[in-house]
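Each chain is listed here by its residues.
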Amino acid sequence: MTDDLKTLMDAATPAPNAQRRAENMEQAQKIFLRAQGTRFGKRPTDKRGPMARLTEGAKSMLNVLSHRGALTVTTAIAAVALVAILPQAWNQTQNPTFLPSEKRVESQNLTTASDRESELSHAIPQGGLAKPVIEAPVIVEESISEQSAAPALKKRAVSSEADGSSGLGIAAGALFDEARSIAPAPVPSDLSIAPEANTEAFANADTNPLKVTVEDPVSTFSIDVDTASYSIIRSSLMRGHLPAKDAVRVEEMVNYFPYKYPAPEGDRPFRPTIAVTPTPWNDGTQLVHIGIQGALPEIEGRPPLNLVFLIDTSGSMQNADKLPLLKQSFRLLLSELRPEDQVSIVTYAGSAGQVLEPTAASERSKILTALDRLEAGGSTAGQAGLQQAYQVAESMALEGEANRVILATDGDFNVGLSDPEALKDFIAGKRDSGTFLSVLGFGRGNLDDATMQALAQNGNGQAAYIDTLGEARKVLVDQLTGALFPIANDVKIQVEFNPAQIAEYRLIGYETRALRREDFSNDKVDAGDIGAGHSVTAIYEVTPVGSDAIRNGPLRYAEQAVSEGEDEIGYFKLRYKLPGTTESQLIEEPIRQGQGQMTTDVQFSYAIAGFGQLLRGGDYLGSWSYEDAIALANSAKGEDPFGYRAEAVTLMRLAETLAE
Amino acid sequence: MRMTTSDEDLAKAAAKGDADAFASLLARHYDRIFRLAFRLSGRADQAEDLTQDICAALPAKIAGFRAQAKFTTWLYRVVVNAAEDARRRQASHSRAALGWGDVEQMRRAEAAETAEAVDWLQRAMRSLPQELQDTLALTLEDEMTHAQAAEVLGLSEGTVSWRMSDIRKRLRALREEELKQ
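From first to last, the protein sequence lines stand for chains A and B. Counting in this note's numbering, the first sequence runs from 23 upward without gaps. Counting in this note's numbering, the second sequence runs from 456 upward without gaps.
No wet-lab data here; the hints were simulated from the structure. We treat Cβ as the ideally placed atom computed from N, Cα and C, and that holds for glycine. Please note that a few of the clues may not be correct.
Stated by the list, open to error - Partial chain A-side listing against chain B, Cβ under 10 angstroms, derived:
id, residue
1, Pro36
2, Arg43
3, Glu45
4, Asn46
5, Ala50
6, Lys52
7, Phe54
8, Gly262
9, Arg539
10, Thr604
11, Gln607
12, Leu680
Said to hold, decoys possible - Going by beta-carbon spacing under 8 angstroms, a handful of chain B positions derived as facing chain A:
id, residue
13, Thr459
14, Asp464
15, Ala468
16, Ala474
17, Ser479
18, Ala499
19, Glu503
20, Thr506
21, Gln507
22, Leu513
23, Ala515
24, Ala518
25, Leu595
26, Trp617
Using the sequences and the accompanying hints, generate a full structural model.
Given below as structure tokens:
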């Protein structure tokens with residue numbers, strides 16, 4: 023019987039009106055944004071106090087209306103509006119952040135709103151005036167901005183006027199077209215300063231362009247072991263939207279995954295492995311895959327660590343995915359430390375303070391108690407805290423020990439940082455005296471990825487973004503040795519392509535890491551560092567001479583390229599410094615056509631590189647799609663002991679759905 | 456195979472102020488809200504109005520979502536409550552209080568206006584007492600078990616099952632009566 027009913031009911035249920043659907047959703051989105059704005063901060067007003075605000079509101083209403091030439095109705099509306107405002111506006115002015123709906127039990131919410139409304143409708147004369155009166159509270163809140171209040175009022179009170187002023191008129195939306203049966207949720211509106219719900223800043227540059235080998239045969243860049251971009255992308259996709267294009271740094275996505283490239287032999291800190299393989303997304307090109315594997319020194323023999331946790335405890339850190347996650351993450355890290363390691367905690371929030379004096383890692387309970395006592399509150403003064411953290415780190419330092427400040431923040435560097443350049447110089451100076459800096463990002467909303475990157479790059483450290491406890495484990499535990507023990511500093515790569523073999527090339531990713539050609543041999547120029555056991559991947563897409571895939575036609579007056587080294591398509595050079603040294607060493611080898619193996623590691627890195635490029639717009643990918651990326655990644659999962667690769671496939675699927 | 460973020464994760468993000476998550480969530484569930492609104496009110500125009508009200512109220516409500524229940528359960532509760540409020544406001548809405556005989560008279564009056572097959576169901580729905588209407592509307596939703604409907608309505612599962620059998624009885628009676636005519 024129910025099944026019959028269900029069929030009948032499905033047949034009887036009409037589809038919602040598409041136009042109203044669009045209007046309602048737009049309206050809901052506006053109300054949502056306004057609600058966020060009021061939660062995070064009240065707009066500035068000239069006059070203080072509830073009464074002042076009411077009269078201000080009424081006044082600007084009058085102004086708006088007289089501009090519209092509807093003076094006959096104004097006094098009546100304003101008079102009734104003032105009466106009508108009182109019950110609700112009082113609450114809001116007394117307590118600006120008061121959100122009535124949160125305080126009430128679910129079932130009472132709409133009822134209360136509607137009860138109030140029905141009282142109002144009894145209290146006032148029915149008819150044309152009834153509509154504006156019901157919504158008067160909303161108008162008064164908006165009235166700070168005449169612009170936004172104007173169309174709303176005009177639409178209802180001066181309905182005879184038909185010019186429509188479309189741009190702003192929409193703001194009123196369907197909600198204001200007719201008197202609604204339920205008063206809109208009593209959310210204080212805030213149209214005058216449309217709140218930017220999101221203040222995230224990302225470091226990125228335009229996608230590396232295709233280069234013509236004859237014109238510009240040399241490509242130089244610094245390596246990048248950061249992985250923050252991948253975590254940010256994951257967090258975006260998991261929350262149901264595509265990441266901002268600038269948040270996507272392809273090389274960080276590729277480098278997020280552990281690969282098992284051949285390990286270095288002898289004393290060398292690392293070993294490059296080069297493979298030249300077909301391109302998954304273009305039959306006419308090839309990919310040059312450069313995998314660099316860092317040596318993993320004996321973990322047993324590592325020097326004692328001095329860690330200073332510099333923890334942002336500003337008010338914005340209180341969300342569950344910030345300070346609480348941070349505490350859990352550090353608990354994980356703590357379990358990996360040895361008794362001889364030392365830990366200290368410095369916080370910054372308004373005023374910086376040392377919460378835990380340097381303490382041996384063996385005194386676990388003392389450290390955990392200090393960690394648990396941390397609470398979020400106050401504003402952020404990043405610089406003062408940073409200076410204190412470095413002082414503490416220096417006081418802990420003994421000969422032969424590794425010092426590191428680990429800065430954990432949600433990106434709030436908004437107080438006390440007057441000059442970002444000076445801060446970078448400060449960090450770079452400390453780096454040269456032996457104390458390094460790693461940056462851990464937590465939470466979303468005001469993550470300042472650009473500053474995080476800048477600080478970590480100058481501090482010889484890793485910038486990682488931690489969105490889950492699993493990620494904390496990966497960064498802090500599984501890679502503890504790598505993140506905390508650099509085995510090579512200032513690692514730069516330079517590749518020269520042979521114009522006789524390669525017509526065009528482009529570097530995939532590393533946009534923010536480009537170096538000038540002459541800086542390759544200049545040991546004064548800083549570059550990325552490789553930690554113990556890290557692997558770093560760089561991928562070039564190259565178009566061989568004579569391929570159909572060449573995008574730039576030949577130049578009529580260009581000289582013919584001279585061929586040297588017959589099957590060499592390019593020449594690979596890498597410079598690095600051993601920790602503590604100032605002179606760089608060189609590794610070089612030719613790149614030959616068809617060299618190397620297509621392993622699952624190589625394949626998987628291609629899938630991720632393709633995925634990253636798709637997220638950035640996929641300019642060079644032709645018709646290659648998420649589906650292809652998923653297929654490629656699935657075929658190259660390999661062992662995947664931690665499930666990182668399986669998770670990447672999940673993200674690809676989410677992106678595929680969202681990109682439609 | 457397509458994958459999407461779960462409703463609950465989106466709702467939690469929206470509760471924390473993520474506008475994109477809120478937009479995706481509403482886009483995903485708008486039709487569902489409307490469908491249930493229609494089933495609760497029995498009229499397309501009322502369902503449209505009710506849906507609009509719910510859309511306006513959701514931004515404030517979502518901030519209170521704590522993932523203690525499935526998102527759809529939570530959402531259905533919002534819809535059912537809003538429908539209840541709307542009814543209470545409508546002075547003209549007296550059908551729920553009417554006895555069976557009165558409804559039958561109204562039904563005949565309305566029968567003149569419309570004559571489509573699905574109309575029977577709408578009329579039948581409206582002939583039911585309000586609490587039975589709500590129960591029926593919910594159990595007709597996709598994937599709704601009696602237990603979930605009970606959770607939305609704040610009743611025990613047994614009550615919902617009992618109501619459903621009551622509904623069947625009444626509808627059967629109504630149909631038989633119509634067949635006799």
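Sort out which numbered hints this structure fails and list those numbers smallest first.
As far as the earlier hints go, 9, 10, 11, 26 are violated by this structure, in ascending order.
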